[in-house]
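Enquirer: Given chain H, work out where chain X should sit, using these hints.
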Amino acid sequence: MIKLLKIEIKKILTYKIFWILFGLYFFFLACGILLAEFMINNMVDDMNRHMPIPFPHITIYYFPDIWQNLTFFASIRFVLIFPAIIIMILITNEFTFKTIRQNIINGMSKAEFLASKLQIILIIAIFITVVLAIGTFIIGVSHSGFNDMALVSKGIPFIVGFFISVLAFLIYAFFLAFMLRNTGLSIAIFTLYSLIIEPIINGFLRSPFIFKNKIYSYLPINGAISVTEYPAIPILKKVTGIELQGGVTITDCLIPIIYSVVMIGIVYWVIAKKDL
Amino acid sequence: MNTVLAIQSLSKRYGKIQAVNDLSIEVMKGQVFGLLGPNGSGKTTTLSIILDLVKPNKGSFSWFDSPPNKESRKRIGSVIESPNFFPYLSAFTNLQIVADIKDQTYGDIDRVLKLTGLFERRNSKFKTYSFGMKQRLAIASALLGNPEVLILDEPTNGLDPQGIAQVRELIIKVAGFGITIILASHLLDEVQKICSHVAVLNKGQKLFSGDVSKVLAISDSLELSSANLETLQRTISTHSKFQSYTKNGMMLQVYFKEVVEPGEINSFLSQQGIVLTHLSERKRSLEQHFLELLEDKS
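Respectively, the protein sequence lines represent chains H and X.
Here the first sequence is numbered in our numbering, starting from 14 and rising by one per residue.
Here the second sequence is numbered in our numbering, starting from 154 and rising by one per residue.
Just so you know, the hints here were simulated from the structure itself, not pulled from any lab data.
Among the hints, erroneous ones may be present.
What the hints assert, rightly or not - With a Cα cut of at most 16 Å, we get these calculated EDC-like pairs of lysine to aspartate or glutamate:
id : chain 1 : residue 1 : chain 2 : residue 2
1  : H       : K123      : X       : D205
2  : X       : K182      : X       : E301
3  : H       : K16       : X       : D253
4  : X       : K211      : H       : D58
5  : X       : K223      : H       : D161
6  : X       : K267      : X       : E322
7  : H       : K123      : H       : D288
8  : H       : K16       : X       : D256
9  : H       : K123      : X       : E224
10 : H       : K19       : X       : D256
11 : H       : K111      : X       : D364
12 : H       : K286      : X       : D256
13 : X       : K287      : X       : E273
14 : H       : K227      : H       : D288
What the hints assert, rightly or not - Just some of the chain X residues that point at chain H, by a computed CB distance under 8 Å:
id : residue
15 : N237
16 : F238
17 : T246
What the hints assert, rightly or not - Simulated DEER-style distance windows between Cβ atoms:
id : chain 1 : residue 1 : chain 2 : residue 2 : range
18 : H       : F140      : X       : F361      : 54 to 64 Å
19 : X       : L268      : H       : I202      : 39 to 49 Å
20 : X       : E273      : H       : F140      : 34 to 44 Å
Predicted model only: the values in this text are computed from it and were never measured.
Beta carbons are placed, not taken as given, at the ideal position from N, Cα and C, and that holds for glycine.
Same shape as in the complex, but just chain H (with noise of 0.2 Å):
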């Protein structure tokens, strides 16, 4: 595993492209996560123009909740995509320079190809994750100080969840890579649909009159993006009369939990069946 692994770091070690797009994605998941509480008052800003009574000014780098609004913005479509266009990339360049073939011929097995695969992805998936903690922490210290360590230990279960929904995004994006085996239709597809066909779906879902349960939250995108699924922003819960959640729960993290396996093993049974 080890050797899969030492392989895979070798192939990215160098690519310009990787370190261009993965910079770009710390860079605007920072500016993000830094701008969000601006954004958010901007908008309370405006509505209080027409409020007889003011809503306060919110704040969201606060323990513990800072917790829930970091892992919340980091994980919305718009910034998740990202790290997916990344991993596409990585998996449809093999078939492109055909070297999935070639590593094949020399000796690989195609499940070690896949475990290869799905290593990188489970580092990129930790390594996002450390990173956001580590950032959420900083802020949170600078915004609220560090006096007590039970508001710092909240953060676990957003944390895992946020890793969780990372993990099933870069998995759907690795499902998609090995079916279409093509750099620009997986992007555009996997682009298209969870940026757009899936928030029709999701609306069309959502409307009350039709469905009663929360099917909407069974879509995978939705699935994996909606393990923090609001910000703890009270304001929100005022407006929009949405019952804001707790916590993260078990039945949230299994949804994009079931998605990936299930995706993982129909790759796995196409690649061993399919010619390469």
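Expert: Same frame as chain H, but now just chain X:
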């Protein structure tokens, strides 16, 4: 015995096209085995099957007397179709990846790079290589770690004459190390120059196989002429190796059952009192012979 590769009645169909049809081949240790056939005769498909890239519809194969597995592939060095490497990685890093997969150390990389004349450019990215260099890198990667078997699919395809000469020289050199080589080619001349054994394929079927010198033996003919063509005809027909003749204007083209020396025929005819006004050796071109082989059997 030292069977390296045994293929038993292999078949592969792509839709309507029967790419490989009931093919059986055996390659023994130390052979330089040629798979000869025109484009689309199933050579690459056969190689893809025995390297586990493509699943056959029927039949089986074994490497080193055991069922195919990834460990046996590590003992084989292969170049299939085009050189497949990461364009943004250097030749050296690309070969490191190959060595990693084959469970080898990096100690052999310098040797194969020097052998293929790429050592000076080892740190250049693969995409900056010329086609000939790419092909040589593919051969370098196949040679990494002294494999027991080398599989080469059209190794000189698309190369300039100098590149072709270099690659052929390299193969002959490698064959000298005692490595078993399986070479697919549509060039008769290439197979004849390099291989010891050959299987001729057409439309996925094996037409002939065996020793190169036997399968590709060429029946020579002589072009003769003398003052009296009729006497010449009568006399040459009595020669023990005579097979047939065709009249070609004032020339007689005579085919023999086996290879004859022009001198032998000349002295035979002069003993019979015939003075030749013309005597020349005619060799059918190799390609022409190959086409005849294909036509005869299909």
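Enquirer: Look at each hint and say if it fits the structure.
Expert: Each hint, compared with the structure:
no., hint, result
1, H:K123 - X:D205, "holds, 10 Å"
2, X:K182 - X:E301, "holds, 9 Å"
3, H:K16 - X:D253, "holds, 7 Å"
4, X:K211 - H:D58, "violated, 73 Å"
5, X:K223 - H:D161, "violated, 55 Å"
6, X:K267 - X:E322, "holds, 14 Å"
7, H:K123 - H:D288, "holds, 11 Å"
8, H:K16 - X:D256, "holds, 9 Å"
9, H:K123 - X:E224, "holds, 13 Å"
10, H:K19 - X:D256, "holds, 12 Å"
11, H:K111 - X:D364, "violated, 35 Å"
12, H:K286 - X:D256, "violated, 26 Å"
13, X:K287 - X:E273, "holds, 14 Å"
14, H:K227 - H:D288, "violated, 41 Å"
15, N237, "holds, 4 Å"
16, F238, "holds, 7 Å"
17, T246, "holds, 6 Å"
18, H:F140 - X:F361: 54 to 64 Å, "holds, 59 Å"
19, X:L268 - H:I202: 39 to 49 Å, "holds, 45 Å"
20, X:E273 - H:F140: 34 to 44 Å, "holds, 38 Å"
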